[in-house]
Each structure stands twice: as C-alpha cells, then as structure tokens.
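Protein sequences appear in the order of chains A and B.
Residue numbering for the first sequence follows full-length UniProt numbering, starting at 1 and increasing by one per position.
Residue numbering for the second sequence follows full-length UniProt numbering, starting at 1 and increasing by one per position.
Just so you know, the hints here were simulated from the structure itself, not pulled from any lab data.
One thing to keep in mind: the hints can contain errors.
What the hints assert, rightly or not - Capping the alpha-carbon separation at 30 angstroms, the derived lysine-lysine pairs in DSBU-like fashion look like this: (1) K164(B) / K4(A); (2) K36(A) / K143(B); (3) K148(B) / K36(A); (4) K125(A) / K197(B); (5) K164(B) / K146(A); (6) K200(A) / K177(A); (7) K36(A) / K12(B); (8) K216(B) / K130(A); (9) K177(A) / K199(A); (10) K216(B) / K12(B); (11) K86(B) / K73(A); (12) K86(B) / K148(B); (13) K125(A) / K12(B).
What the hints assert, rightly or not - Simulated restraints, written as ranges between beta carbons of each label pair: (14) S143(A) / T210(B): 46 to 52 angstroms; (15) F47(A) / G224(B): 35 to 41 angstroms; (16) I115(A) / K10(B): 48 to 54 angstroms; (17) Q77(A) / P212(B): 38 to 44 angstroms; (18) N168(A) / S219(B): 49 to 55 angstroms; (19) K10(B) / P205(A): 53 to 59 angstroms; (20) T72(A) / S161(B): 38 to 44 angstroms; (21) T58(A) / K10(B): 46 to 52 angstroms; (22) H186(A) / F222(B): 45 to 51 angstroms; (23) K125(A) / P212(B): 47 to 53 angstroms; (24) K197(B) / N117(A): 23 to 29 angstroms.
As the structure is a computational prediction, the values presented were derived from the model and not from experiment.
Glycine included, each C-beta is placed from N, C-alpha and C at the ideal position.
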Amino acid sequence: MTIKIYGYIRSPYVMAVGLTVYEKDQDFELLMMDMKSPEYRSNFNPFGMVPSYQDEDTTLFESKAIMRYVATKFADQGTPLLGSTIVEQALCNQWLEVHSHNLVSPLVETAMALIQNPPQPDVLKPALEKLNSVLDIYDARLSASKYLAGDSYTLADVTHTPFFHILNAITVDETQKCITSRPHLHAWIQDISSRPAWKKLIANPEIKDYNFRQGVKK
Amino acid sequence: MATASSHVPKVKLYGVPYSVCTSRVIMCLLEKQVGYDLQVVDIVKTQDHKKPEFLKLQPFGIIPVLQDKDFSVFESRAIIRYIARKHEGHGTPLYGTSEKDKAMVDQWLEVEAQNYNPAIAPAVWHLIHAPLFGQQGDPTVAKASIEKLEKVLDVYEGVLSQSKYLAGDFFSLADLSHLPFTQYLINDAKRGDIFDKRPHVKEWWKSISTRPTWIKHLSVAFPGKNFDSPGS
C-alpha cells in the first residue's frame with residue numbers, strides 16, 4: 001500500500017511530512033478530504049486538521065509524530081533522520097520542540113504582517129524583533145554544529161525547511177536581512193534547501209506555481 | 001531532592017519543582033527511577049533564568065534543563081523522551097512495548113503540546129500565576145481558554161471511551177505530560193467540574209493523578225499543601 005498523506009501540499013506541516021517520506025526514498029499519494037467532516041475526524045484526525053498519514057500498518061496525525069514514525073519505520077532506507085547517537089536524538093527532539101514553541105509563532109506573525117496590503121509596520125516591527133532574537137539563537141547554535149542536532153542532518157532540520165522556504169517566498173528586504181545577516185543560519189538554510197529530496201518536493205506544481213504572498217496559484 | 005532508589009548515576013535538573021515544565025521532567029524521572037539533583041533556578045525573586053550562566057545552558061532563558069554526564073538537553077518534552085528512551089528497560093514503560101505503541105505515544109504527546117497546552121496554559125496563568133509575577137490576571141482570557149480546553153476534552157472523551165489511557169491501555173509519556181497544568185487547574189483554580197462532566201476523562205484523570213509517583217512529587221514540590229480528592 002502506498003503511503004497516503006492527507007492535506008494540501010503548500011502547508012509547511014504537510015511539506016515537512018512529504019520531505020521526510022522523500023528523504024527515506026519512499027513515495028506518497030497526496031489526498032484531500034473535507035477536514036471538518038465526521039468521516040475525516042473519525043478515521044484520521046479527531047481535531048479536523050492536516051496532515052494525516054496512512055500506510056498498511058497505521059493511521060497517524062500530528063506532523064512531528066508522523067515524521068518520527070516514518071523515520072523509524074524506514075530506518076535503514078534513505079537518509080538516517082534520527083541522529084546517530086542517543087545524544088543526537090535528544091538534541092533532534094530538543095530542536096523539534098524549539099521549532100514548535102519558539103520559532104513558529106514569530107515566523108508566522110512576521111509572515112502574516114508581510115502579506116498585509118497595505119503593509120502594517122505596527123504589526124511587522126514587534127514580530128520582526130521577536131523573530132530576530134530567536135534567529136540569533138539559531139545562528140549561534142549553527143556556528144557550533146553543521147546541523148541543529150549536531151553533525152547529522154535530522155528531522156529537526158527537515159521541519160524547518162518548508163518554513164524558511166515560505167518566509168523566503170514572501171520576503172522583503174527587511175526579512176531577507178534576517179537570514180543573510182546571519183552567516184551560519186544562511187549557510188544552513190542554503191544547505192538544507194539544496195537537498196535532492198527537497199528539490200523533488202518543491203517541483204510539485206502545487207508548490208512551484210503557488211504565490212505564497214497572494215495566497216493563490218500564479 | 002534525589003530519589004531514594006536509582007539504578008544509574010544521578011542527573012542534574014535545573015528548574016523549580018513547582019514549575020509545570022520542571023514537574024513534567026521530575027515525574028518522568030520518578031517513573032523511570034532515575035535519581036536527580038535539583039539545581040534551583042529562581043524564576044520569581046532572583047530571576048536566575050535571565051542571567052548569563054543560565055543562558056549558556058538554555059539560550060531562550062526557560063527552565064528546565066537536564067544535564068546527564070557531559071551533555072545537556074532542554075525543552076521538557078525532549079527531556080522526557082530522552083529519559084524514556086535511555087532507560088527503556090527500567091521503571092514504567094512510558095513508550096509502551098512496541099513500535100506501534102511508540103507512534104501513538106508520540107502522536108498524543110504532540111497533541112498535548114499543540115492542542116491541550118495552548119488551551120490550558122492561559123487559564124492557569126490568568127487564574128493562578130499572573131499575580132506571582134506582579135501581573136493582573138484577565139478573567140476574559142481565562143474564560144476563552146477554558147472554552148477552548150473543553151473542545152479538546154470533548155475529543156479526549158471520545159478517545160478515552162476506547163482505551164484506558166491516551167495512547168492505548170498503558171500509561172505513557174503522553175498522559176504524564178498532562179499532569180502539571182491539569183493539577184493546577186483542578187486543585188488551585190477549582191475547575192475540576194469541566195473534567196468531572198466527562199466520565200471517561202474524569203476516570204482518566206483520577207487514574208493518572210493518583211499514581212504514587214505523582215503524589216510523591218506533589219508532597220515534595222508543595223510541602224504541607226492539602227490536595228482535594230482527584231476530580232473534585
């Protein structure tokens with residue numbers, strides 16, 4: 001049975017799951033369902049959110065749980081994603097939590113402020129301040145190690161790739177500087193964004209042809 | 001405070017026992033019978049978490065941090081995963097006993113982090129903790145937070161009608177992660193009613209909050225404090 005992922009591919013959470021599947025040299029079928037329908041809630045995700053995942057063994061929701069499951073199930077295929085030691089695995093989990101609790105909020109607030117028309121400097125300024133202080137911490141971490149968990153590329157790096165991709169797609173000079181002024185962060189983003197699995201994912205026309213700024217297809 | 005019995009050398013835990021996130025880790029250490037030395041990081045009076053020595057350990061200035069020999073890890077849910085994995089063969093099997101179990105534990109631990117925590121945290125802050133930090137709690141925000149929490153508990157009621165605990169018929173990291181905030185909401189903010197009116201949720205709360213490890217932690221973290229019967 002092919003892996004099934006439920007959701008719209010331009011969601012960064014869905015992208016993170018898709019990227020994980022590709023990194024493990026697997027393929028997936030992308031499907032949509034009405035997320036609020038009783039059928040979706042009872043069979044896939046009782047909270048009515050995407051992504052959900054299904055293979056011949058299991059049905060799962062929550063993107064980071066799905067990513068961990070796929071990385072474990074296909075442990076000896078494709079790229080190892082869980083770290084090569086228990087310490088790296090702990091740091092991978094640490095940075096997955098940092099992503100959830102420290103990065104997503106200021107990044108999304110900055111993105112939302114950026115796509116406002118007319119622009120809202122009162123909203124953008126505090127969001128950018130918060131984002132910049134968080135990115136300082138990322139840059140410091142990445143000055144000490146090649147990837148977030150250490151020397152190995154892991155799920156922690158996977159989860160960040162779509163978020164920085166979307167930020168870059170809607171960026172203006174000010175937000176470009178967030179990245180380019182931080183050399184280690186910049187180098188890391190370029191590295192994780194040049195991986196074949198990521199390039200394969202974003203060749204999907206639903207992402208390639210999507211105007212993230214306008215929220216519509218080009 | 002070290003535990004009496006430990007099968008391995010002690011770890012060092014930076015935090016305070018009454019903090020939600022530190023409690024989460026302490027509970028896991030107790031369940032896995034891992035001894036620890038608590039390094040108090042005073043987040044109220046001396047604001048130790050904002051000082052350079054602590055920021056070297058945790059650059060976001062948030063407790064807790066766990067030090068195990070020569071490495072340190074932060075984020076409570078990452079710490080408990082590490083402890084559960086490292087001590088898989090000892091104490092309570094907090095990841096279950098199969099890969100399928102582990103996937104379910106990961107799923108429900110994410111649910112706690114992404115759905116339950118954001119719904120309960122504002123209520124606990126505005127009803128209980130804000131004054132501790134010299135701020136005024138906002139009852140409107142607390143009310144909205146509780147409404148969100150009730151929607152999450154409706155989903156839990158369905159899940160817990162099918163299994164004894166969240167990830168299956170075994171107590172796991174997922175259930176454990178709910179203890180600290182829920183304890184505050186039920187016992188300090190006196191909102192046990194929202195759990196009581198959902199029979200499976202009520203049963204689940206009674207079961208997890210009467211675990212001897214949790215009772216022990218409460219007696220250490222809040223010495224002399226009286227706790228109502230679970231669910232009241």
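Comparing the hints with the structure gives:
1. As the CA atoms of K164(B) and K4(A) are separated by approximately 29 angstroms, the hinted pair is consistent with the 30 angstroms bound.
2. Of the supplied pair hints, the one linking K36(A) and K143(B) holds, its CA atoms being roughly 25 angstroms apart against a limit of 30 angstroms.
3. Simply put, K148(B) and K36(A) have alpha-carbon atoms about 17 angstroms apart, close enough for the 30 angstroms limit, and the pair holds.
4. Straight-line distance between C-alpha atoms of K125(A) and K197(B) comes to about 44 angstroms, which puts the hinted pair past the 30 angstroms bound.
5. Taking the CA atoms of K164(B) and K146(A), the gap is near 43 angstroms; set against the 30 angstroms cutoff, the hint is violated.
6. Between K200(A) and K177(A) the alpha-carbon distance is near 27 angstroms, which keeps this suggested pair within the 30 angstroms criterion.
7. The straight-line distance between the Cα atoms of K36(A) and K12(B) is roughly 45 angstroms, outside the 30 angstroms bound, and the hint therefore fails.
8. Between K216(B) and K130(A) the CA atoms are separated by roughly 39 angstroms; this puts the pair beyond 30 angstroms, and the hint is violated.
9. The straight-line distance between the Cα atoms of K177(A) and K199(A) is roughly 24 angstroms, inside the 30 angstroms bound, and the hint therefore holds.
10. A C-alpha spacing of about 19 angstroms is found between K216(B) and K12(B), which places the hinted pair at or below 30 angstroms, so the restraint holds.
11. Distance hint between K86(B) and K73(A) is fulfilled; the C-alpha atoms sit about 19 angstroms from each other, no more than 30 angstroms.
12. Between K86(B) and K148(B), the direct Cα distance comes to roughly 35 angstroms. Violation of the 30 angstroms bound is thereby established for this hinted pair.
13. Note on K125(A) and K12(B): the hinted pairing is violated, with a Cα-Cα distance of about 39 angstroms set against a maximum of 30 angstroms.
14. Here the CB-CB span from S143(A) to T210(B) is close to 48 angstroms, well matched to the stated 46 to 52 angstroms.
15. With their beta carbons about 40 angstroms apart, F47(A) and G224(B) fall inside the hinted range of 35 to 41 angstroms.
16. Distance hint check: the CB atoms of I115(A) and K10(B) are about 51 angstroms apart, consistent with the given range 48 to 54 angstroms.
17. Take Q77(A) and P212(B): their Cβ atoms lie about 43 angstroms apart, and the range 38 to 44 angstroms holds.
18. Range check, N168(A) to S219(B): Cβ separation about 52 angstroms, and the 49 to 55 angstroms hint holds.
19. Here the CB-CB span from K10(B) to P205(A) is close to 56 angstroms, well matched to the stated 53 to 59 angstroms.
20. The hinted window of 38 to 44 angstroms between T72(A) and S161(B) is violated, with their beta carbons roughly 29 angstroms apart.
21. Evaluation of the 46 to 52 angstroms hint for T58(A) and K10(B) yields a failure: the beta carbon distance comes to about 37 angstroms.
22. The beta-carbon spacing between H186(A) and F222(B), approximately 47 angstroms, falls within the hinted interval of 45 to 51 angstroms.
23. In this structure the hint that K125(A) and P212(B) lie 47 to 53 angstroms apart at CB holds, the actual value being about 51 angstroms.
24. For K197(B) and N117(A), the Cβ-Cβ distance of about 46 angstroms falls outside the hinted range of 23 to 29 angstroms, so the restraint is violated.
Against the hints set out earlier in the document, violations occur for numbers 4, 5, 7, 8, 12, 13, 20, 21, 24.
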